[in-house]
Each structure stands twice: as C-alpha cells, then as structure tokens.
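Protein sequences, first through last, are from chains B and Y. Using numbering that gives the first Met the number 0, the first residue of the first sequence is number 0, and each one after it goes up by one. Using numbering that gives the first Met the number 0, the first residue of the second sequence is number 0, and each one after it goes up by one.
Honestly, I wouldn't trust all of these hints.
[To be verified] Here are some of the chain B residues that sit facing chain Y, going by a computed Cβ distance under 10 Å: (1) A274; (2) T295; (3) A311; (4) T321; (5) Y328; (6) L394.
If you are wondering where the hints come from, they were derived from the structure by calculation, not from laboratory data. Think of the CB as a built atom: it goes at the ideal place given N, C-alpha and C, for glycine as much as any other residue.
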Amino acid sequence: MEQLENFRQEVKSWLDENCPASMRNGADPTIPTDEVWGGRKAQYKNPESKIWLDRMGQKGWTMPTVAKEYGGGGLSKEEVKILNEEMWMIGAKGPLLSFGIWMLAPVLLEYGTEEQKKEHLPKIIKGEIRWCQGYSEPGSGSDLASLATKAEDIGEHFLVNGQKVWTSYADKADWIFALVRTGPKEPKHDGISFLLIDMETQGVSTKPITLISGKSPFCETFFDDVKVTKANLIGELNAGWTIAKVLLQHEREFISKFGLASAMGSSGKDIVSLAKEHLGEENGKISNGFYRSEITAHKIKEHAFGLTLKRAGDEGGKASPTASMFKLYGTEHNKKRHELMVSVAGINGVAWDGDEFDDNEKNLTKSWLRTKGNSLEGGTSEVQLNVISKRVLGLPS
Amino acid sequence: MKLILNEEQQFLKDTAKSFTTEKTPVNHFRSLRDSDDHLLWDKEIWQEMVNLGWSGILIPEEFGGSNFGVAGISTIMQECGKTLTPSPLFATAVLGAFAITHFGSQAQKEEFLPKIVSGEITTALAIDESSHHNPAKTAFSAIIKDNEYVLNGKKIFVVDGSSADILIVLARTSGNSGEETGLTLFIVESEADGIEKIKLSMADSRNYANIIFNDVRVSSERILGSPESGGETVESILDIGRIAMSAEMLGNAEAAFELTLDYLKQRKQFGVLIGTFQALQHRAAEMFCELELTKSSVLAAMHGADENSNELQRLASLAKTISGETLHLVSNEAIQMHGGIGVTDEYDVGFYLKRARVAEQIFGSSKFHSERYANLTGF
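Construct the complete structure from the given sequences, taking the supplied hints into account.
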C-alpha cells in the first residue's frame with residue numbers, strides 16, 4: 000500500500016512538472032488542438048502536443064503495462080489505475096492515438112520475436128512510427144481469407160504485389176501491417192502470412208477514397224514489386240490467419256468502445272436536448288410522444304449496453320469472441336442513434352453545406368452518413384453474427 | 000459497484016442451481032399444474048427452501064435471517080426461473096420480508112419476521128385494482144373509526160393471494176384515486192372477518208387471487224410504515240420486487256434460450272441440422288446479445304439495491320423493461336424455432352411463453368417501466 004502511495008506522489012509531481020498547460024484542464028481555448036497520431040510525417044499546430052507526446056513516450060506511459068525493455072512503462076495494473084486517476088484529476092489529454100498501440104502491439108507481444116519486439120515496440124510507444132492496417136482487398140471483403148496480394152519468396156526477401164483497400168490513414172502512415180498470400184497452393188486460410196512493410200519502400204503508393212459522407216481517412220494502397228526483408232514476417236510462414244483473427248478481436252473491441260464513447264455524447268448535442276429543441280418541450284418532457292418513446296427505448300438499450308461493457312471489464316475479460324457482440328451492438332446502436340438524431344432534427348438533420356445551417360447540423364449529416372460504415376469496417380454485422388453463432392453458441396456449420 | 004457476484008452470492012447461486020435441477024425440474028411444475036392442488040406450489044419443497052435459509056435472506060440476523068441481501072435472493076430467483084419453480088419465495092421471502100424488515104415497527108418485526116424465517120407464515124402484497132399496474136390509482140379505502148381502520152374495496156391479481164397468511168394492503172386514507180399521496184399500507188391477517196378470496200386461474204398456472212374487503216377492521220398498530228406515506232413506502236418495496244422478478248424473468252429467458260439452442264443442434268430437416276441455417280443462427284446470435292444486456296441490467300439493479308444507490312428507481316425500471324422485452328423476444332422465438340412441437344402441451348417450451356406473459360405484467364410491464372424511466376431521467 001505504502002509503495003502505491005509513493006507511486007501516486009511520484010506521478011503527481013511528474014505530471015505537475017511535465018504535463019504542459021495546454022494539455023490539461025484550464026487550457027487556453029485560443030490555442031489550437033491537435034489530433035496526435037505521431038509518426039514521421041506528423042505536423043503539430045500546437046508545439047506542446049509534441050512535447051507532451053515525447054515526455055509520455057519517454058516514460059513508456061502510452062503503453063504503461065508493457066515491459067520497460069520494450070519501451071513500455073513496466074507498471075502493474077494497480078499503478079496504471081493510479082496513473083489514469085491522476086491524469087484524470089488534472090484533465091490531462093491522452094498523448095497519442097495509435098493503431099500501433101491498439102492493434103499491432105498486442106500482436107507483437109504475443110507473436111513477435113525478441114528482435115521484432117525490441118525493434119518495433121519502442122517506436123510505437125514513443126509515437127515515432129505511425130502504423131496502418133492492410134487487410135481488405137477489392138476482391139476480399141467479408142471473405143477476407145480469399146485475399147490475393149501475393150508475397151513471393153525471392154531468397155532474402157519477399158516480393159509483394161497486389162492491392163489493399165480501406166487502409167485508414169495510409170497516406171499519413173509510415174509502416175503497414177499487412178496480410179499477404181505466401182502459400183498459393185495451400186487451402187485459403189493456410190496460405191496467409193502477417194508481414195510488416197515500410198511505406199517508404201520502392202513500389203508502395205496510396206490514393207485516398209471519398210465516401211458518401213465526403214472526405215475520409217480511407218485509402219487504397221498499391222504494392223508494385225515491393226521488396227520486403229524476411230525479418231519482417233511475424234509468426235510462422237503461412238500462419239498469419241490466426242494472428243489476423245487475434246488482431247481483429249482487438250480491433251472490434253476498440254471499435255465498440257469508441258462507438259459507445261461517442262454515443263455517450265462527445266459528438267455534438269445529446270439526442271434528448273436535440274429533441275426538445277426541435278420538437279418542443281412540455282413540463283420538461285419531449286412534446287412529441289412518438290419520438291419520446293422511441294428515444295426512451297433507445298436510451299434504455301444504451302444504458303444496458305454501457306453496463307454490459309462495464310461488466311466485461313469487471314469480469315477481467317480479454318479480447319474474446321464476445322468482442323463480436325460489442326462490435327455488433329455498439330455499431331448498430333450508433334447507427335440507430337444517428338438515424339434518430341437526423342429524424343429529430345428534421346430538415347436541419349439533412350443539411351449539407353452553406354450558411355443557412357450551423358456547423359453542428361452539417362456535421363450531423365456527415366456523421367450520420369459515416370456511421371453506415373461502422374457496421375461494415377472491422378467485419379460486417381453479419382460476420383459478427385456468424386462469429387457469435389459458431390464460436391459462442393456452438394451452432395453447427 | 001462491480002457487476003459480478005461475490006463468493007457468498009455465487010455460493011447461493013450454486014446451491015439454488017443444484018436444488019432446482021434435482022428437486023424442481025420443469026416436470027415438478029407440470030405435475031403441480033396437473034394436480035388438484037389449489038396451492039400450486041409444494042409445501043414440502045417450500046419447507047426445504049426454508050431449511051436452506053432462503054426465506055430469511057432479506058431478514059436481519061437478530062430475527063433469524065442471514066441478511067444476504069437483494070443480490071442474494073435475486074440469484075436464487077434467477078435459478079428458480081430457469082426451471083419454472085413455483086414457491087412463496089417471491090411474495091414472502093422478497094416482498095413480505097423486505098417490507099416488514101425495512102418499514103415494520105419493532106413489534107411488527109418481532110411478531111412476523113421469525114415466523115417468515117421459519118416458514119410458519121407466508122405473505123402477499125396486494126396493490127393492483129385494475130388490468131394495468133398503477134399504485135397511484137388506488138381507490139381501495141381505509142377509513143378511521145374508533146381508533147380502528149375500516150377497509151373496503153377489491154384488490155386483484157395478488158401473487159400467492161389465495162394462500163398467504165398475511166396480506167400487506169395498499170389503501171387510500173385520503174385524497175382521490177390517481178394521486179400519489181394519501182396512501183397507507185396495512186398488515187392484515189388473511190382470515191380476518193370480511194375478507195373474501197377468489198382464486199384466479201391464469202395462463203401460467205400459478206397462485207393468484209382477487210381479494211374483496213368488506214368492512215374489514217384493522218388496528219392502527221397494523222399500519223406498515225407511517226400513515227399517509229404508503230405511496231413512497233410501497234414504491235421502494237415494489238422496486239425490490241421488480242428487481243427480483245427481473246432476475247426470475249432472466250432465468251426464464253436463459254432456460255428457454257438453452258432449450259432452443261439444444262433443439263437447433265438436434266433437429267434435422269432437409270437432411271441437415273436446422274442449426275446450420277443462417278436465418279436461425281443470426282436470430283439466435285441476436286438473442287444472445289439481448290440476454291447479455293439483460294444480465295448486466297439485472298446485476299446492476301440488484302447490487303444497486305444492496306448499495307442503496309440513488310439510481311435505484313431507474314435501475315429497477317431498466318431491469319424490468321429489459322428483462323420483459325428480452326423474455327418476450329426469446330419466448331416467442333423459442334416457440335417458432337421449435338416448430339410444431341413448440342405449440343404442443345406435451346413439450347415444456349410453451350410453459351416459458353405462458354409464464355413470460357404473466358411475469359411481464361407483475362408490478363408493471365416494459366411499457367410502464369419505460370415511461371417511468373423516461374420521467375425519472377427527464378426525457
């Protein structure tokens with residue numbers, strides 16, 4: 000106990016000295032804020048964003064439970080709790096958003112060699128290298144295992160040719176973790192490998208994708224005779240599918256939590272106040288009874304889903320097939336929420352551009368359209384239902 | 000609040016699970032239904048439950064109980080729900096025990112609690128007067144006369160009403176039907192002069208009665224809680240009842256779902272197991288998600304009750320809404336996925352449907368509780 004109390008004091012004074020003023024409660028609102036993803040191409044509107052990232056990265060506190068030898072914080076669960084509490088107390092911003100942290104690092108820790116961990120983990124943790132994910136292909140969406148991007152053995156290297164799609168932020172990323180076909184003659188699940196590729200290698204190129212909601216972080220990524228050293232193969236040759244599935248569970252868990260966090264009101268107005276604004280209020284109640292009951296039903300489900308996420312945490316759950324449930328429910332719920340908000344806002348809920356509508360309204364239209372992708376990316380809702388029926392409920396194939 | 004069971008609660012759950020699997024599988028209910036027994040629960044089984052200490056779970060140790068709390072009794076209710084086990088557990092060990100423990104005078108506690116613990120008496124809570132649960136609409140009157148109250152009116156759909164020894168009755172001592180004030184709770188012996196019990200036959204074949212009070216005289220000593228504040232008192236008793244009933248309904252839904260999954264893994268049509276059909280798989284997976292949400296809501300509500308959460312009313316309404324909706328869905332899908340055999344009396348799955356629809360009505364339907372949740376949250 001005393002040790003933990005000492006640790007709390009250390010954290011307090013370290014944060015006091017090292018967390019820049021604009022990265023915590025009471026920040027000057029005129030200072031621009033950055034969405035910090037790190038990497039070689041990163042640009043900062045506020046130099047303190049970079050200072051905060053560097054300091055937290057140096058401590059390893061962007062991945063506090065990872066061992067120090069890999070650049071992590073080497074903290075126990077109890078210590079991480081204290082760190083989070085103390086950061087919360089001063090309203091400290093998270094220093095780094097990172098696919099490396101959310102998706103690749105857990106896989107490296109489980110499947111990487113000692114050299115690979117020492118090479119890649121510290122750079123992920125310090126935010127020096129920004130990663131993107133190369134999974135889907137034009138011909139391989141839900142049937143991911145049919146992927147065709149091939150990696151031929153040419154001695155010391157693989158020669159990679161093919162195309163990936165839906166690679167988020169590929170145009171801003173430094174490296175990509177990709178699924179490639181190394182065993183063209185094997186059954187489709189048994190011929191896939193998990194490969195790390197530097198985006199600066201000759202033959203890699205990217206092209207952004209415009210969505211129905213407008214601009215998007217998604218890209219197409221092309222590989223044209225790209226030479227990749229065999230040292231970048233994670234796990235055994237042709238054993239990439241297992242790794243891919245583990246990573247997908249981490250991704251699904253992340254997407255569902257993200258969906259809920261946004262449902263809890265980070266984006267724009269709460270649906271109840273939106274309804275009262277557009278439909279009117281009588282004795283503190285939403286005037287329109289049809290909307291009121293629909294919104295109530297939705298909010299009740301949201302409450303129960305929030306409790307279910309909390310229960311999963313209390314049960315100490317790791318990524319598991321039930322991550323599919325969270326992904327499914329979180330994204331479907333988020334879509335319904337946006338449909339309801341658009342409907343409640345009426346004409347203003349389908350505004351696109353111009354000065355007759357305010358930014359919140361125009362953003363609502365775009366985010367509503369964007370949610371249509373939530374139940375597609377990271378495995379469609381139908382794929383999640385398949386995973387639940389087979390792997391959770393044990394229904395026959 | 001951690002949404003898991005502690006060791007004590009897990010132990011109660013395990014005990015209840017082995018008890019209900021061994022002593023009261025669904026056939027136990029079937030034989031009661033088919034018998035001429037008006038009680039519709041089994042006295043010996045109830046005595047065994049009493050011996051396990053279940054009647055005293057909400058009762059403090061000084062009166063012979065174990066004080067294991069709402070979470071304790073709810074986990075037992077959940078297990079009983081799985082095998083459709085009928086017993087006075089709900090009306091006596093949940094409603095009567097909680098009401099008298101929390102609102103009874105010292106004399107009332109000393110008189111009744113030890114007898115509840117020992118199984119000597121059973122109780123019932125008489126609230127409703129029309130086809131929809133609505134305590135504020137109480138018209139049943141209690142008029143003071145010579146330091147006694149005279150009770151007149153009709154209570155309907157009283158759980159265990161045809162057999163309970165002690166009735167806890169919500170009456171209007173002032174004001175008009177529809178007002179939440181002016182209500183008082185009374186403890187009345189069911190054999191008192193002027194009481195007429197009419198046994199009900201409901202779809203779920205459980206023990207219910209309508210009870211007519213005709214100039215029933217009750218001493219003011221028998222007021223439960225303070226006079227005129229029965230509206231608030233009864234809400235807090237009802238909330239505990241709603242949470243325990245939600246736990247039972249969760250148990251119903253879990254068992255109906257298990258039964259259905261087993262069937263999907265056994266039944267063959269077109270030369271294959273019907274569980275291979277995606278049309279059924281996806282519906283099963285959706286039910287799984289709803290069941291998970293229901294588990295979390297019931298856990299939050301029962302722990303909320305034990306921790307005196309200031310969210311208790313919302314949590315109770317959340318639990319009753321979600322468990323009602325989930326059980327509704329699962330009981331319907333269970334029948335449909337079973338096909339023809341699902342609508343035969345010979346097969347058990349129909350029992351779950353019938354129990355579901357009655358339980359959904361007890362102390363407020365999902366619609367009632369959605370409205371209450373909305374009002375409490377300011378929607």
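Here is what the structure says about each hint:
1. A274: At about 8 Å, which falls below the 10 Å cut-off, the nearest Cβ of chain Y leaves the hint on B:A274 intact, so it holds.
2. T295: For B:T295, the interface hint holds, since the closest Cβ of chain Y sits about 4 Å away, which is under 10 Å.
3. A311: holds, 9 Å
4. T321: Cβ of B:T321 sits 8 Å from chain Y, so the hint holds.
5. Y328: holds, 5 Å
6. L394: holds, 4 Å
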